[in-house]
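Starting from the known structure of chain A, fit chains B and C onto it as the hints suggest.
Residue-level listing of the chains:
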Amino acid sequence: MEIPYTVRPRPDTGLSNPKLGIWLFLASEVMLFGGLFAGYIFMRLGAEPWMWPHGWLNVPVGTFNTFVLIASSVTVILSWESLKMRKYKAFRSWLAATWICGFAFLTIKLSYEWPAKFHHFGAYVQKGAAHKYEAILGNENQGDVKGHEARKGYPRLFIGGHLDTETDKFAMASAGVPYVQEAALDGVLAIGKDENNPAKLANLLKIKDAMLKKLVVRDEDIAALKAPNLDPQKKATILHRMNTISIHAVDAENAKPYDPDNDKAHFMPRGQIVISELGLKDNPNVHAVKNAETGKEDQHFIVDKRDLVAGHGPLIPKLNTYLATYFMITGLHGLHVLGGCLVFIYFWLPIKGGAKLFHTNHQQLCNRIEVSGLFWHLVDLIWIFVFPIFYLL
Amino acid sequence: MSEHTATKPTETHGHAHDEHSHEEHHGSMLSHVKPYLIIGAALFVFTLITVGLSYFDFAEYSLFRKLFGIIGVHGMGINITVGLIVATFKVCLVGAWFMHLKQEGSTIWKPLGLTLFFCFCLLMLFLLAHSDPIPSTSFTQH
Amino acid sequence: MAHAADHEKDAHGHDDHAHHDPGFWKKWVFTTDHKMIGIQYAVTGLAFLLFGFGLMMVMRWSIAHGAAPLPNALGGMLHAFFGDDVFKWTEVVKDGVVTAKGWALTQTGYNVFGAMHGTIMVFFGIVPIAFAGFGNFVMPLQIGAIDMAFPRINMASFWSFFISCIFMIWSFFVPGSAAQSGWTNYPPLAGAANMPGSLSASGELLGHWTNGGTLWLLGMVFNITSSLLGSVNFITTIVQLRAPGMTWGRLPFFCWAQFITAYLLLLAFPPLESAAVMNLFDRVFGSSFFMPSGLNITLIHDAAGNVPTYSGGGSPILWQHLFWFLAHPEVYVLILPGIGMITEIIACNTRKPIWGYKAMVGAIFVLAFLSFIVWAHHMYMTGMGPKVSAFFQTTTILISVPSVILLTALLLSLWGGSIRFNTPMLFATAFLPMFGIGGLTGIPLAFNAVDLYMHDTYYVIAHFHYVIAPGTIFAIFAGVYHWYPKATGRMMSEFLGKLHFWGSLIAINCLFAPMFIQGMAGMHRRWYDGGAAAYVSTVGQNMVDWNITISKAAWWLGAIQLIFVFNFCWSMIRGRKVPSDNPWHATTLEWDTPTPPPHGNFIKDIVVYRGPYEYSVPGADKDYSPQSEPPTNTPPPAHAPVAAPAHA
Numbered sequence: 001m002e003i004p005y006t007v008r009p010r011p012d013t014g015l016s017n018p019k020l021g022i023w024l025f026l027a028s029e030v031m032l033f034g035g036l037f038a039g040y041i042f043m044r045l046g047a048e049p050w051m052w053p054h055g056w057l058n059v060p061v062g063t064f065n066t067f068v069l070i071a072s073s074v075t076v077i078l079s080w081e082s083l084k085m086r087k088y089k090a091f092r093s094w095l096a097a098t099w100i101c102g103f104a105f106l107t108i109k110l111s112y113e114w115p116a117k118f119h120h121f122g123a124y125v126q127k128g129a130a131h132k133y134e135a136i137l138g139n140e141n142q143g144d145v146k147g148h149e150a151r152k153g154y155p156r157l158f159i160g161g162h163l164d165t166e167t168d169k170f171a172m173a174s175a176g177v178p179y180v181q182e183a184a185l186d187g188v189l190a191i192g193k194d195e196n197n198p199a200k201l202a203n204l205l206k207i208k209d210a211m212l213k214k215l216v217v218r219d220e221d222i223a224a225l226k227a228p229n230l231d232p233q234k235k236a237t238i239l240h241r242m243n244t245i246s247i248h249a250v251d252a253e254n255a256k257p258y259d260p261d262n263d264k265a266h267f268m269p270r271g272q273i274v275i276s277e278l279g280l281k282d283n284p285n286v287h288a289v290k291n292a293e294t295g296k297e298d299q300h301f302i303v304d305k306r307d308l309v310a311g312h313g314p315l316i317p318k319l320n321t322y323l324a325t326y327f328m329i330t331g332l333h334g335l336h337v338l339g340g341c342l343v344f345i346y347f348w349l350p351i352k353g354g355a356k357l358f359h360t361n362h363q364q365l366c367n368r369i370e371v372s373g374l375f376w377h378l379v380d381l382i383w384i385f386v387f388p389i390f391y392l393l
Numbered sequence: 001m002s003e004h005t006a007t008k009p010t011e012t013h014g015h016a017h018d019e020h021s022h023e024e025h026h027g028s029m030l031s032h033v034k035p036y037l038i039i040g041a042a043l044f045v046f047t048l049i050t051v052g053l054s055y056f057d058f059a060e061y062s063l064f065r066k067l068f069g070i071i072g073v074h075g076m077g078i079n080i081t082v083g084l085i086v087a088t089f090k091v092c093l094v095g096a097w098f099m100h101l102k103q104e105g106s107t108i109w110k111p112l113g114l115t116l117f118f119c120f121c122l123l124m125l126f127l128l129a130h131s132d133p134i135p136s137t138s139f140t141q142h
Numbered sequence: 001m002a003h004a005a006d007h008e009k010d011a012h013g014h015d016d017h018a019h020h021d022p023g024f025w026k027k028w029v030f031t032t033d034h035k036m037i038g039i040q041y042a043v044t045g046l047a048f049l050l051f052g053f054g055l056m057m058v059m060r061w062s063i064a065h066g067a068a069p070l071p072n073a074l075g076g077m078l079h080a081f082f083g084d085d086v087f088k089w090t091e092v093v094k095d096g097v098v099t100a101k102g103w104a105l106t107q108t109g110y111n112v113f114g115a116m117h118g119t120i121m122v123f124f125g126i127v128p129i130a131f132a133g134f135g136n137f138v139m140p141l142q143i144g145a146i147d148m149a150f151p152r153i154n155m156a157s158f159w160s161f162f163i164s165c166i167f168m169i170w171s172f173f174v175p176g177s178a179a180q181s182g183w184t185n186y187p188p189l190a191g192a193a194n195m196p197g198s199l200s201a202s203g204e205l206l207g208h209w210t211n212g213g214t215l216w217l218l219g220m221v222f223n224i225t226s227s228l229l230g231s232v233n234f235i236t237t238i239v240q241l242r243a244p245g246m247t248w249g250r251l252p253f254f255c256w257a258q259f260i261t262a263y264l265l266l267l268a269f270p271p272l273e274s275a276a277v278m279n280l281f282d283r284v285f286g287s288s289f290f291m292p293s294g295l296n297i298t299l300i301h302d303a304a305g306n307v308p309t310y311s312g313g314g315s316p317i318l319w320q321h322l323f324w325f326l327a328h329p330e331v332y333v334l335i336l337p338g339i340g341m342i343t344e345i346i347a348c349n350t351r352k353p354i355w356g357y358k359a360m361v362g363a364i365f366v367l368a369f370l371s372f373i374v375w376a377h378h379m380y381m382t383g384m385g386p387k388v389s390a391f392f393q394t395t396t397i398l399i400s401v402p403s404v405i406l407l408t409a410l411l412l413s414l415w416g417g418s419i420r421f422n423t424p425m426l427f428a429t430a431f432l433p434m435f436g437i438g439g440l441t442g443i444p445l446a447f448n449a450v451d452l453y454m455h456d457t458y459y460v461i462a463h464f465h466y467v468i469a470p471g472t473i474f475a476i477f478a479g480v481y482h483w484y485p486k487a488t489g490r491m492m493s494e495f496l497g498k499l500h501f502w503g504s505l506i507a508i509n510c511l512f513a514p515m516f517i518q519g520m521a522g523m524h525r526r527w528y529d530g531g532a533a534a535y536v537s538t539v540g541q542n543m544v545d546w547n548i549t550i551s552k553a554a555w556w557l558g559a560i561q562l563i564f565v566f567n568f569c570w571s572m573i574r575g576r577k578v579p580s581d582n583p584w585h586a587t588t589l590e591w592d593t594p595t596p597p598p599h600g601n602f603i604k605d606i607v608v609y610r611g612p613y614e615y616s617v618p619g620a621d622k623d624y625s626p627q628s629e630p631p632t633n634t635p636p637p638a639h640a641p642v643a644a645p646a647h648a
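Protein chains in written order, with my numbering: chain A, 1 to 393; chain B, 1 to 142; chain C, 1 to 648.
The set of hints was computed from the structure by calculation and includes no laboratory data.
Please read these numbers as outputs of a predicted model, since none were measured by experiment.
Mixed in with the good hints there might be a few duds.
[To be verified] Heads up, simulated EDC-like pairs for lysine to aspartate or glutamate below, C-alpha to C-alpha not over 16 angstroms straight-line:
no.: 1; chain 1: A; residue 1: Lys206; chain 2: C; residue 2: Glu204
no.: 2; chain 1: A; residue 1: Lys200; chain 2: C; residue 2: Asp621
no.: 3; chain 1: B; residue 1: Lys66; chain 2: A; residue 2: Glu220
[Stated by the list, open to error] Derived, one-sided and incomplete: chain A residues facing chain C with beta-carbon distance under 8 angstroms:
no.: 4; residue: Tyr5
no.: 5; residue: Phe25
no.: 6; residue: Leu32
no.: 7; residue: Ala310
no.: 8; residue: Asn320
no.: 9; residue: Ala324
In this text, a Cβ means the ideal position worked out from N, Cα and C, and glycines have one as well.
Here chain A stands alone, though its shape is the one from the complex:
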């Protein structure tokens, strides 16, 4: 029993089943990404004017990745053409080129682009507290670039930079924790105090540990806080450390806050400068910190978590809606790339459903490559929109 038109087209529709099927699937994919892009537009227009970040992604790397994906779209077509001309070797080589390109794309994305965000610190200062950080925000003397007059009246509020994660591996995790009130900390420390039932106590202590790990992050602080005779002075020091962020180096736009180029979204200067080089010694937020390993004195810029909008920390979806949409859309797109690569590898391998079909059912293999190629082109097509809206505009 065989289902008709799995390989040959039905005469009156001119289509084979898989071809119609894949186009319908692509239609649903268009609607899926339509919904995601609708979300992007909503987020971007819903953000306060001029608050949408620019220059956070590496344009040359992104451009290279675009080239890789376009090249793979060409190679899959070449593979299909070679297959139709019964050139087995050329077909397999081009197909291999396609999935290698796909994996190259993913590798660049996952080994460089995404991790770069996770190691980078970012925070938004609350409007009312902006004056405290004037030295690195530079709102008083906002540049006046022709054509961007609308920018006036919208203060810069973003602080970006690096924390000293070399000597304090918990720095980034701690920076992501919201401000903790002393009463809230006491509440957690008191969990299980009056519980006598051992089973319930065990559960409560488990909860207590989980909460402390989330709030306090640093192991030695947790141990100190749980110690029976907690010195109030020590507790205050720990609380202060929990509730401030100590920035080791700032992004160039924070380093040169009065540069008019900062108002031009596409000309964001890149790179980072350590605080000591900024000459901010007299600034009340700058503290000398002794590096435990080198013994040298560094300058750190101290930010009070109370002055920040919730969500500060590494550049992850929690920080702002730009990153949320970026990770979601590139993540889902990446999953599609991965899926496409796996399918191509399946057809490339000399197995029954793959390249062996060349000899047993040539037309079916042609259809398989065509259909998966159509999906691959859609993946490429989505990236053509993703690239400008996140990297460039």
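This is chains B and C only, laid out in the frame that chain A set:
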């Protein structure tokens, strides 16, 4: 399906025919793939153009400010509009040649047209929230 | 020719096939046969329908008796099953005397049951039965296909659905219980409910992934994936696998309805999938897609007393848009397969052609198109201005035109027929006025000014339940009674069927009709004690009293369904054997198969010569002319896509 794979309905399975078609196409690989290579090259070039244009600040020049002011696009919006126009053009190239939409019949086009229409509706969702809000309930209020 | 060859091969291949025993697992569980997958869907769906109805019956106790404890045995059982989050030991004290004690539904429990009742009924009950179940079983038979176009994708679709079922059921048993924010899952409340890191009623920590809200979203993602796979399969099958001679104009209306429904699912579901992914990001990665700036939900806090913090900048309205972009077409996903089934049953049991077949097909096309551009009428309360709401009021009113065409055509089809009032026909005829009531009471809600008052009252509940419960679910019952003989080879009991019908009809009207009155008085749908404690002064004691009548009707309705369950199971073993392959003397192709249809469906080559509803054709020797019956004096159709084997 492109003209290359469309099989006549009267054809049956069999190697005799396939061998024949193999000889028919033999040696003409380059002429077959030439359009694809051209489109691929065009996509590379337009990618570079998009990147280049993004570093060009349209809003700094009064000509573009006036031109795009007519359709109500200002400041950064000019760059965004230009970038999206180039992207749409690239997408059309991919769709028409790589995905063979040029040669597809109405069984593909009808649902696809509907899809594009509904997708457009989705992308215009923001208008519903933006164009006609009751004061103090608008989602732009922070 | 390829097609002819395939068919010839089937005809021979079939017998060979029957000798191969595919084995228990391949035949009953991991099957690729469309009929078995249809039955799997339908049975899972019926089980969920019963479960979802059960949740509602417990809620009705709370509403009728002012959140009083349940009867002891039942309460204890439910508490053992659902846990501390949902049921609490309660003692009602009046004048210092304990008047009642037992397990009562908590406020959280009411929210859980309400949210899950909606979700289960819509996404796990009706769609799997009406679209996937009946569609899988009946549609390929009706178009003369041997199976679906992609049998393995069909199986993947069912198992994806099965995984989503597991997520939904599992979510009842994690700390904090299942999702609580309604089947619409509106943020920002949905982002704060079932909050990871907070404590459940029994003092357990809610997991980061394993909490009701997150599991609900994961379940929905799998459910949507299943629908997408299914709809791709349905459309391809209808376009590609129609038998020779089965032109579009000869397609039974049920297949048209399935075709359109599949398109609705294909294009409307993905936006909800993207919204579900965004919502997952909000819950799991702490992003703010749907969380506005300045949000401070002080009532919700984790174990340390911290309220959830969000960077903000998102928009709850975005969720509503994306949700209703799906959920309005979803309304037609619920009703169109029902109308399709009703059409088949009415044509068969009136013994005359459907009146206005072409108009009906045109109407569902228009209906489907319009259903994509009416969604914001669910959102009048979001601060929508007059311009946008005027657009959506207009399209909403426009959509009543095709709906009325459908209803009118079906009503006129009854005219002059020699009607057989068997059980399926009773359900089908009852469907018409019930669906009419549901549809007409929706018209006032289309208007902004009325909706602002009626929003979230029992009027809305009554309106859409009239469309779906005595509408679609009656259609499902009609379909089960109608196609049961084809699936099992035995008839269901007519006596029990009629008992089930009359009981259901009376109970369901006693259940929903008073809700119109309550709703117009302002009774709100989310009062867990039925308005007894705090709001009795706003709606009046007489309105609160209706709750008891309604709840009693609901329990009666539940009891009456046991007749159906019994009839369904008993008839499988003891039911009367079908007198022939075509017990109803129907015209469509599914009755041309052996009973029950074997793997591969048809044992002869199917060629279609005539339209789907040729009943009582003048001059014919019997009162029905099956689609595959060659006309006596006319040559075979010239416009068949592929010539029939006999003539090749």
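Going through the hints against the structure:
Pair hint Lys206(A) plus Glu204(C) holds up; C-alpha atoms about 10 angstroms apart against a cutoff of 16 angstroms. Distance check on the hinted pair: Lys200(A) and Asp621(C) sit about 81 angstroms apart at the alpha-carbon level, beyond 16 angstroms; violated. Restraint check for Lys66(B) and Glu220(A): not satisfied, since their Cα atoms lie roughly 62 angstroms apart, outside the 16 angstroms limit. Taking 8 angstroms as the C-beta contact cut-off toward chain C, the hint placing Tyr5(A) at the interface holds, the least distance being around 5 angstroms.
A hinted interface residue such as Phe25(A) counts as satisfied when its beta carbon comes closer than 8 angstroms to some beta carbon of chain C; here the least separation is about 5 angstroms, so the hint holds. Contact between Leu32(A) and chain C, as hinted, is supported at the beta carbon level, the nearest pair being about 4 angstroms apart and thus within 8 angstroms. A hinted interface residue such as Ala310(A) counts as satisfied when its beta carbon comes closer than 8 angstroms to some beta carbon of chain C; here the least separation is about 4 angstroms, so the hint holds. Taken as an interface hint, Asn320(A) checks out: its beta carbon lies about 6 angstroms from the nearest beta carbon of chain C, inside 8 angstroms.
Hint on Ala324(A) holds. Least Cβ distance to chain C is approximately 4 angstroms, under the 8 angstroms limit.
Going down the numbered hints, you'll see the structure goes against 2 and 3, while the others check out.
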